[in-house]
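Colleague: Could you build the full structure based on these sequences and the hints that come with them?
In order, the protein sequence lines correspond to chains H and W.
Numbers in my numbering are just positions in the first sequence, counted from 1, shifted up by 491.
Numbers in my numbering are just positions in the second sequence, counted from 1, shifted up by 491.
Derived by calculation from the structure, the hints in this document are not laboratory data.
Fair warning: there could be bad hints in the mix.
Since the list can't tell identical chains apart, any single copy or any two copies may satisfy a pair.
As the list claims (entries may be wrong) - Result set (DSBU-like, lysine-lysine): computed pairs, CA atoms no more than 35 Å apart in a straight line:
id	residue 1	residue 2
1	K926	K703
2	K926	K729
3	K703	K606
4	K926	K859
5	K618	K606
6	K729	K967
7	K728	K908
2 protein chains.
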Amino acid sequence: MNRASDFDRIFYPESVAVVGASGEPGRPGYQFMRTLLEFGYRGRLYPINPEAPEEILGFKTYPSVRDVPDPVDFVFVTVPASAVPGVISDCVARGVAGVEIFTSGFREVGEDGRKLEEEIVRLAKGKLRVIGPNCFGVYCPRGGLTLLPGARLPSDSGDVAFISQSGGLALYFVWAASGCGLRFSKVVSYGNACDLNESDFLEYLGSDDETKVIAAYIEGVKEGSRFFRLARGLLGKKPVIVWKGGLTQTGGRAASSHTGSLAGERAVWQAFSRQTGAVLVDDFEELVDAVLFFRQCRRNIGRRVAVIGGGGAVGVAAGDVCERMGLVLPVAPAEMQQRLRALLPPVGTSIRNPFDIGAPVLPAQLFKRVLEVLLSWEEIDVVVIDRVYLYGLEGLNGVPDSGCEERLEVVLDLQQKTDKQFVVVTEELTTAADKIKVEVERRSAQQRLFNAGIAFAPSLTRATTALARVCWYQEKVR
Amino acid sequence: MNRASDFDRIFYPESVAVVGASGEPGRPGYQFMRTLLEFGYRGRLYPINPEAPEEILGFKTYPSVRDVPDPVDFVFVTVPASAVPGVISDCVARGVAGVEIFTSGFREVGEDGRKLEEEIVRLAKGKLRVIGPNCFGVYCPRGGLTLLPGARLPSDSGDVAFISQSGGLALYFVWAASGCGLRFSKVVSYGNACDLNESDFLEYLGSDDETKVIAAYIEGVKEGSRFFRLARGLLGKKPVIVWKGGLTQTGGRAASSHTGSLAGERAVWQAFSRQTGAVLVDDFEELVDAVLFFRQCRRNIGRRVAVIGGGGAVGVAAGDVCERMGLVLPVAPAEMQQRLRALLPPVGTSIRNPFDIGAPVLPAQLFKRVLEVLLSWEEIDVVVIDRVYLYGLEGLNGVPDSGCEERLEVVLDLQQKTDKQFVVVTEELTTAADKIKVEVERRSAQQRLFNAGIAFAPSLTRATTALARVCWYQEKVR
Numbered sequence: 492m493n494r495a496s497d498f499d500r501i502f503y504p505e506s507v508a509v510v511g512a513s514g515e516p517g518r519p520g521y522q523f524m525r526t527l528l529e530f531g532y533r534g535r536l537y538p539i540n541p542e543a544p545e546e547i548l549g550f551k552t553y554p555s556v557r558d559v560p561d562p563v564d565f566v567f568v569t570v571p572a573s574a575v576p577g578v579i580s581d582c583v584a585r586g587v588a589g590v591e592i593f594t595s596g597f598r599e600v601g602e603d604g605r606k607l608e609e610e611i612v613r614l615a616k617g618k619l620r621v622i623g624p625n626c627f628g629v630y631c632p633r634g635g636l637t638l639l640p641g642a643r644l645p646s647d648s649g650d651v652a653f654i655s656q657s658g659g660l661a662l663y664f665v666w667a668a669s670g671c672g673l674r675f676s677k678v679v680s681y682g683n684a685c686d687l688n689e690s691d692f693l694e695y696l697g698s699d700d701e702t703k704v705i706a707a708y709i710e711g712v713k714e715g716s717r718f719f720r721l722a723r724g725l726l727g728k729k730p731v732i733v734w735k736g737g738l739t740q741t742g743g744r745a746a747s748s749h750t751g752s753l754a755g756e757r758a759v760w761q762a763f764s765r766q767t768g769a770v771l772v773d774d775f776e777e778l779v780d781a782v783l784f785f786r787q788c789r790r791n792i793g794r795r796v797a798v799i800g801g802g803g804a805v806g807v808a809a810g811d812v813c814e815r816m817g818l819v820l821p822v823a824p825a826e827m828q829q830r831l832r833a834l835l836p837p838v839g840t841s842i843r844n845p846f847d848i849g850a851p852v853l854p855a856q857l858f859k860r861v862l863e864v865l866l867s868w869e870e871i872d873v874v875v876i877d878r879v880y881l882y883g884l885e886g887l888n889g890v891p892d893s894g895c896e897e898r899l900e901v902v903l904d905l906q907q908k909t910d911k912q913f914v915v916v917t918e919e920l921t922t923a924a925d926k927i928k929v930e931v932e933r934r935s936a937q938q939r940l941f942n943a944g945i946a947f948a949p950s951l952t953r954a955t956t957a958l959a960r961v962c963w964y965q966e967k968v969r
Numbered sequence: 492m493n494r495a496s497d498f499d500r501i502f503y504p505e506s507v508a509v510v511g512a513s514g515e516p517g518r519p520g521y522q523f524m525r526t527l528l529e530f531g532y533r534g535r536l537y538p539i540n541p542e543a544p545e546e547i548l549g550f551k552t553y554p555s556v557r558d559v560p561d562p563v564d565f566v567f568v569t570v571p572a573s574a575v576p577g578v579i580s581d582c583v584a585r586g587v588a589g590v591e592i593f594t595s596g597f598r599e600v601g602e603d604g605r606k607l608e609e610e611i612v613r614l615a616k617g618k619l620r621v622i623g624p625n626c627f628g629v630y631c632p633r634g635g636l637t638l639l640p641g642a643r644l645p646s647d648s649g650d651v652a653f654i655s656q657s658g659g660l661a662l663y664f665v666w667a668a669s670g671c672g673l674r675f676s677k678v679v680s681y682g683n684a685c686d687l688n689e690s691d692f693l694e695y696l697g698s699d700d701e702t703k704v705i706a707a708y709i710e711g712v713k714e715g716s717r718f719f720r721l722a723r724g725l726l727g728k729k730p731v732i733v734w735k736g737g738l739t740q741t742g743g744r745a746a747s748s749h750t751g752s753l754a755g756e757r758a759v760w761q762a763f764s765r766q767t768g769a770v771l772v773d774d775f776e777e778l779v780d781a782v783l784f785f786r787q788c789r790r791n792i793g794r795r796v797a798v799i800g801g802g803g804a805v806g807v808a809a810g811d812v813c814e815r816m817g818l819v820l821p822v823a824p825a826e827m828q829q830r831l832r833a834l835l836p837p838v839g840t841s842i843r844n845p846f847d848i849g850a851p852v853l854p855a856q857l858f859k860r861v862l863e864v865l866l867s868w869e870e871i872d873v874v875v876i877d878r879v880y881l882y883g884l885e886g887l888n889g890v891p892d893s894g895c896e897e898r899l900e901v902v903l904d905l906q907q908k909t910d911k912q913f914v915v916v917t918e919e920l921t922t923a924a925d926k927i928k929v930e931v932e933r934r935s936a937q938q939r940l941f942n943a944g945i946a947f948a949p950s951l952t953r954a955t956t957a958l959a960r961v962c963w964y965q966e967k968v969r
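Modeller: Right, here's the structure in full:
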């Protein structure tokens with residue numbers, strides 16, 4: 492059996508069967524069909540249910556996968572746990588490449604479930620690849636597939652892959668990350684990982700041309716040494732970013748009842764990271780930020796940072812947080828200070844690094860000249876911009892001609908002309924219900940920053956945390 | 492000279508003079524006048540400028556403070572640094588209570604500036620209180636005062652006070668915190684603190700009836716032992732939350748050029764916190780969250796937390812982060828697990844704590860019954876709700892009847908009936924530009940959570956960080 496071709500039939504299926512399909516709008520078996528159609532799956536589709544009406548949503552129903560007249564590549568299973576082994580036998584008999592089992596109630600609920608799961612593994616072994624059980628399955632825009640509640644996920648493809656033991660998290664991650672501009676090659680929620688596990692997906696994604704960055708939410712690893720070997724093999728090829736859930740006792744307890752996983756020690760994972768170059772993150776926001784920064788940042792950046800802000804506390808905060816993160820702020824050489832002094836007023840500004848331009852509303856042309864001086868500085872790799880207004884100011888203070896658009900264009904434009912990396916802190920500024928206009932402008936600005944190859948995060952701490960991870964990784968590669 | 496009455500004349504002035512007022516719309520001296528009027532100052536107002544037209548914005552201009560016919564309580568100074576000593580002499584002669592000096596170019600720029608600042612101190616000593624120089628001054632809605640760029644800050648009062656060496660930060664903080672529902676008694680940007688310093692404000696705010704929570708951004712402390720004594724004296728009366736800028740070498744370098752402050756060692760500040768019960772935070776977001784949590788949380792809560800989420804990864808993440816923060820998740824007793832088991836399906840849920848209700852869209856009545864079981868549990872103080880949809884779902888997945896409003900009402904209602912504390916994680920969900928409707932609903936939900944006395948933050952990490960700080964403080968008090 493050719494593994495690569497199985498994966499292709501799973502991710503880009505010409506035909507899909509939905510076992511447990513239903514004609515009743517409230518039922519999951521109906522939702523699954525509808526979600527797939529709404530999302531835009533264009534292959535052949537076979538609802539399977541011996542008790543369902545002749546047609547569901549216009550597609551002819553079959554009593555079993557065995558009864559489908561044409562080849563079936565990929566099968567979605569939403570029948571109760573006890574009926575799953577029968578479905579697996581049918582799929583094996585029909586020559587199906589893979590199934591995703593949405594149903595829960597296996598290893599994660601105890602002994603009976605564990606036995607049922609082992610039965611599935613036994614039936615499928617060497618004949619059929621299984622994703623799940625207890626999962627949301629596959630989101631692969633190019634293949635027309637989406638997670639069960641994912642009818643409205645972006646239908647365009649991208650270069651980020653995400654594998655997740657949690658289905659809900661897979662969904663949350665796509666929502667959050669696609670909001671930043673990121674798009675996905677493949678997202679797989681693989682739940683209990685009874686057959687295909689994190690190592691299988693890592694291996695596949697490692698050689699998948701669509702995928703440039705690989706992220707993972709993992710509760711327990713099935714084949715530790717294989718996973719280690721694969722991760723190390725990807726160092727310098729594709730960054731692997733791992734959020735490991737269940738590293739504490741309390742988290743581990745939850746992981747056991749969530750996906751039946753044996754969690755693992757923090758120290759073990761830290762050693763794994765050091766030795767493989769896989770990047771560990773600690774929470775959901777760090778995961779989103781890391782993926783965005785790895786996707787956006789140039790390959791040759793180091794830890795030497797210039798910070799520019801419009802107001803002194805930014806400089807102080809940036810100095811503190813950069814030092815905590817292990818980033819380095821070199822002091823500007825005298826010659827450069829002179830050039831900046833010629834541009835900026837002597838009072839209320841600071842020209843050593845962090846650079847305080849005095850006001851967050853510096854005229855765009857002057858802001859540009861200051862940035863050009865910074866970009867000409869050979870001792871730095873990254874310019875972090877914080878609290879210089881690039882959006883939203885009119886909505887906040889009512890002054891219409893505040894120059895945000897012009898300053899934003901300066902940044903977008905300069906990124907195209909430099910080999911240094913811009914990082915912009917895109918603060919939410921306010922969550923006041925009556926100031927939603929500020930947020931609309933912020934989102935539009937973020938989209939444009941994304942398109943220009945600029946990295947951004949909504950706080951200085953988050954931005955520098957993610958940046959430090961990219962630097963750490965690039966040092967590992969070097 | 493009666494100190495309290497000086498402060499009253501500063502924060503609630505019956506008359507204000509603006510020295511350096513201008514008739515030209517582009518100039519700061521014009522903006523200051525306009526901002527004050529737009530914000531709604533209703534006392535007597537005197538533009539001061541020997542070269543200005545007879546009237547500015549309808550107010551008669553005087554050449555000097557000495558020439559104002561009526562008593563003047565508070566004076567704003569926006570003239571160049573070298574002219575400030577003369578203004579101070581005028582104010583002393585006129586019996587003014589206080590001045591705020593917006594002008595920069597003093598201690599923070601070097602030796603000449605330091606001398607000028609000392610001259611001001613000498614002239615004012617014992618006769619006139621000085622805020623600044625190098626500051627944005629006072630925002631006190633009840634007194635009709637606002638920060639220079641603060642025309643659109645909320646005009647209603649609240650119970651939070653914030654003192655900040657940085658003016659920009661004072662503004663950012665009011666924007667961010669008022670967006671969450673918080674309102675302010677007094678905000679003071681006090682810059683170089685040549686006269687009135689953090690200790691003076693802490694003393695005043697400690698006995699200010701309007702103020703319930705005191706927050707501070709501090710770069711350098713002028714009177715260390717007094718500040719220590721005051722902070723310790725407030726333990727159990729009003730929480731004091733401090734963001735100390737410049738705790739690293741790089742941050743300290745920036746602080747010196749920002750407000751001419753000598754920063755200080757991290758260890759010293761940690762000892763200060765342990766010994767006084769003042770709460771230290773590390774960045775802007777932590778400051779906002781801490782203030783909100785201290786404002787919202789009930790006084791008797793401890794570290795024992797129940798976490799409820801709609802999806803297993805929430806439980807894993809919550810277990811991990813709570814343990815890291817020093818919060819405790821007791822395991823639900825058998826009897827309680829039975830009651831929950833009777834409510835929730837056996838598969839896809841977890842009833843030990845963290846509580847996984849299986850889906851983030853549990854019907855409201857069922858959600859209510861589950862929460863009631865949790866609230867009846869004597870071993871916990873706090874219920875954290877994460878990834879149960881209380882807003883925004885229709886905008887995300889297009890399913891209109893998703894029950895968010897009903898679930899939100901359940902939470903709002905139950906908070907009024909319990910002595911435990913709800914904490915809700917109000918994730919941003921997506922920042923996609925075309926999904927702004929989700930954000931509109933989120934903001935409205937946050938406002939209602941605020942009004943119901945519920946604490947919230949946009950991530951699990953931020954929520955538990957802030958919660959752990961409240962618990963730490965309440966243990967200090969006990």
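Colleague: Hint by hint, say whether it matches the structure.
Modeller: Structure-based check of all given hints:
no.	hint	verdict
1	K926 with K703	between (37 Å within a copy, 27 Å between copies)
2	K926 with K729	between (40 Å within a copy, 31 Å between copies)
3	K703 with K606	neither (38 Å within a copy, 59 Å between copies)
4	K926 with K859	both (29 Å within a copy, 32 Å between copies)
5	K618 with K606	within (20 Å within a copy, 85 Å between copies)
6	K729 with K967	within (12 Å within a copy, 48 Å between copies)
7	K728 with K908	within (26 Å within a copy, 56 Å between copies)
Violation of the numbered hints given earlier is confined to hint 3; every other hint is satisfied by the structure.
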